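Student: The chain contents come next:
Number of protein chains: 2
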Amino acid sequence: MNIKTIEWKNNTIKIIDQTKLPGELRYLYIRDLRVLWRAIKELKVRGAPALGAAAALGIYFGIKDSKAKTFAKFSQDLGRVTKYIATSRPTARNLFWALERVCGVAVVNRHRSIPAIKKLIFAEAKKIIAEDRAACRRMSSFGARLIETGSNILTICNAGALATVDYGTAQGVIYRAKEIGKRIKVYASETRPLLQGARLTSWELKAKGIDTTLITDSMAATLMKQGKIDLVLAGADRIAANGDTANKIGTYNLAVLAKYHKIPFYIVAPESTFDLNLASGKQIPIEQRNPEEVTSLFFKRPIAPKGIKVYNPAFDVTPSALITAIITEKGVIRPPYKKNIKRTLAT
Amino acid sequence: MNIKTIEWKNNTIKIIDQTKLPGELRYLYIRDLRVLWRAIKELKVRGAPALGAAAALGIYFGIKDSKAKTFAKFSQDLGRVTKYIATSRPTARNLFWALERVCGVAVVNRHRSIPAIKKLIFAEAKKIIAEDRAACRRMSSFGARLIETGSNILTICNAGALATVDYGTAQGVIYRAKEIGKRIKVYASETRPLLQGARLTSWELKAKGIDTTLITDSMAATLMKQGKIDLVLAGADRIAANGDTANKIGTYNLAVLAKYHKIPFYIVAPESTFDLNLASGKQIPIEQRNPEEVTSLFFKRPIAPKGIKVYNPAFDVTPSALITAIITEKGVIRPPYKKNIKRTLAT
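Protein chains in written order, with this note's numbering: chain L, 1 to 347; chain Y, 1 to 347.
Here chain L stands alone, though its shape is the one from the complex (with noise of 0.2 Å):
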């Protein structure tokens, strides 16, 4: 299966809806800046590759109307056009920079006629969809060379397809590894609270034929200390200069767990995720999204699709040499518990 997320189509971006998704698959026409706006702020487009297309193509929606006469007053509506863009969201650098490349482009073009500029504007877009698209292969590629054949790989939210053009980063090693004949097993975590991992994630991998797991976030710890897990693979929202990466909540979460259990912790991005202008990922800006996201499910839509494989063990077992003390009526017991635990309760 072929998933087209961002595609520029007889002058609108034809985009999946990834709100739909994995119920439906439906496509929107935009040929509106605020619609793109709100399709990018409502999440139906998303990733921060994809955003990075989007907002481009944004920037020349925006744009290809205005009735300057003179770069002064062209650089005016482009200067608002990117600022109203860049409102949309905070965290993905490849939305920023992309906003800067294009508009990069049109100041280096001053010289020329502002039909001129516009047509070039139009024309660093569609260079960043493709150079997207080679972009996310090469990685993919250099990813795969990693991947053991018989491999399993867990994943978090979705850095497939639908996070960039039409292929992926961190899922895009998976289909690059599974190209060159290697066997690979992947979990994926549902990731809350939007569930894109539930949502978008197994749709997408299930789509390509890959044996996928579905699991919860709380999950992935048990399989890791199972060995279940051969390495984790991570997209990025945003990668400082000492390579601290802005990614999906949880993601910091499971490259603790993979510390933990001496797992590999891959992160697989674009340069334009980087951002060399953040000395480390403390500066990087993090997103505060509407609380109904954690206090409601997905919007009543189906939060995975049909068929998809689960693991789901009500319960883990901790291992007592991660336990403070155990605090029972009888007293606090504290280890050596095999010990104590006997004397305590013996009272």
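Certain hints may be false.
[Claimed, not checked] Lysine-lysine pairs mimicking DSBU-like chemistry, simulated, CA-CA at most 30 Å apart: (1) L:K339 <-> Y:K282; (2) L:K225 <-> Y:K228; (3) Y:K338 <-> L:K282; (4) L:K127 <-> Y:K338; (5) Y:K185 <-> Y:K309; (6) Y:K306 <-> L:K44; (7) L:K330 <-> Y:K178; (8) Y:K259 <-> L:K225; (9) L:K185 <-> Y:K330; (10) Y:K330 <-> Y:K342; (11) Y:K44 <-> L:K306; (12) L:K4 <-> L:K309; (13) L:K126 <-> L:K44; (14) L:K20 <-> Y:K309; (15) Y:K262 <-> L:K228; (16) L:K262 <-> Y:K282; (17) Y:K262 <-> L:K338; (18) L:K41 <-> Y:K309; (19) L:K259 <-> Y:K228; (20) L:K225 <-> L:K342; (21) L:K339 <-> Y:K262; (22) L:K9 <-> L:K119; (23) L:K44 <-> L:K127; (24) Y:K342 <-> L:K126; (25) Y:K259 <-> L:K339; (26) Y:K306 <-> Y:K185; (27) Y:K225 <-> L:K41.
[Said to hold, decoys possible] Label pairs and their calculated CB-CB ranges: (28) Y:K182 <-> L:P336: 27 to 35 Å; (29) Y:L25 <-> L:R334: 32 to 40 Å; (30) Y:K14 <-> L:A86: 54 to 62 Å; (31) Y:T347 <-> L:K14: 31 to 39 Å; (32) L:G209 <-> Y:E179: 55 to 63 Å; (33) L:K4 <-> Y:K14: 52 to 60 Å; (34) L:K41 <-> Y:Y84: 51 to 59 Å; (35) Y:N109 <-> L:K228: 42 to 50 Å; (36) Y:P335 <-> L:P285: 20 to 28 Å; (37) L:K41 <-> Y:T347: 29 to 37 Å; (38) L:A134 <-> Y:R334: 18 to 26 Å; (39) Y:A321 <-> L:V35: 39 to 47 Å; (40) L:G227 <-> Y:E42: 29 to 37 Å.
Simulated from the structure, these hints should not be mistaken for lab results. Computed from a predicted structure; not experimentally measured. The beta carbon of each residue, even a glycine, is placed where N, CA and C say it ideally should be.
Starting from the known structure of chain L, fit chain Y onto it as the hints suggest.
Tutor: Relative to the frame of chain L, chain Y by itself:
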């Protein structure tokens, strides 16, 4: 607010139907063993200590109309009832502990008349209920001493009044800490798939006037990194002789995170949760539940109480020290990142 999770009243078991919370506080009046079995299986009543109480009363339901005239016959009836209750849920030790304890009373009193044995069984069930109320208060007092005023406490699942007869284990510690004048703030992790943290714990804590913020399970790591969690309190379903503890899926996850962030991680549980016949947690049977719990919403009912505080960051930041490599279209970047990111992106 006084929460009575399980009560014996006019020859019926009165329980709160926990699948209706937080939308509705509805009671069920159970007079039949099969209805009780289904209530346990469907989590209308849940929580290890509450299951102990339910199982004990269940035995009485199962044998009170026994027509047996001899102890041999009565013992067969008792065995059938016990086996049936034991098939409801496999992990919580308290359920089996209660069955063994009540059966023990029958065996010890085998020389008495059948009606007398029935009375003793009923008395033992009521004793188990009374003991749970006392034990919860005692362990909560022990636990509350460990809590400094101003503490931020992270919880998982529900180990409160709704998991016991009327007070709680892990949440009991919170209630007791408040009673003795300690200022506390609680982060309740929602506990997918069945959202006991969102539906039950945040409802309970809010009803009792505790400052509570609801998070998804994946957010715990970020709160710990930010220094916002001072300790973790969890209940238990079964504790092996060496202290290894089975509890709701996701507990092990929090224990690893707590260790990594050097935060105390406490288990709060009564003696009836210990299983000294098991040398370690490896032998604890783990219940596997229906995949639909993961792939569907919680029966389309409200999943959190109205007005509950929520923390909902869309992203988190993973320090580069936890990242094995960053895979880009320009190659695979490994530590030291600051140098190698610059070098790779410059090519």
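Student: Against the 30 Å threshold, does the CA-CA distance of K262 of chain Y and K338 of chain L hold or violate the hint?
Tutor: Holds, at roughly 23 Å.
Student: Tell me if the straight-line CA distance from K262 of chain Y to K228 of chain L falls inside 30 Å.
Tutor: Within the cut-off at roughly 26 Å; holds.
Student: Given the hinted pair K20 of chain L and K309 of chain Y, is their alpha-carbon gap at most 30 Å?
Tutor: holds, 28 Å
Student: Between the alpha carbons of K338 of chain Y and K282 of chain L, is the straight-line distance 30 Å or under?
Tutor: holds, 15 Å
Student: Should the hint that K41 of chain L and T347 of chain Y are 29 to 37 Å apart at their CB atoms be regarded as holding?
Tutor: holds, 36 Å
Student: Given the hinted pair K126 of chain L and K44 of chain L, is their alpha-carbon gap at most 30 Å?
Tutor: Holds. K126 of chain L to K44 of chain L sits at ~20 Å (cutoff 30 Å).
Student: Would you check the hint for K306 of chain Y and K44 of chain L, treating anything up to 30 Å between C-alpha atoms as holding?
Tutor: holds, 27 Å
Student: Has the given pair, K259 of chain Y with K225 of chain L, been kept, meaning a C-alpha gap of at most 30 Å?
Tutor: At roughly 15 Å apart (the allowed maximum being 30 Å), K225 of chain L and K259 of chain Y satisfy the hint.
Student: Assess, step by step, whether the Cα of K127 of chain L is no farther than 30 Å from the Cα of K338 of chain Y, and give holds or violated.
Tutor: holds, 29 Å
Student: Taking the beta carbons of K4 of chain L and K14 of chain Y, is their distance inside 52 to 60 Å?
Tutor: Once the Cβ atoms are compared, 58 Å apart, the range 52 to 60 Å for K14 of chain Y and K4 of chain L holds.
Student: Do T347 of chain Y and K14 of chain L keep their Cβ atoms within the hinted range of 31 to 39 Å?
Tutor: Cβ of T347 of chain Y to Cβ of K14 of chain L: about 34 Å, so the range 31 to 39 Å holds.
Student: When you take the CB atoms of A321 of chain Y and V35 of chain L, is the distance between them in 39 to 47 Å?
Tutor: holds, 42 Å
Checked against the numbered hints above, the structure violates none of them.
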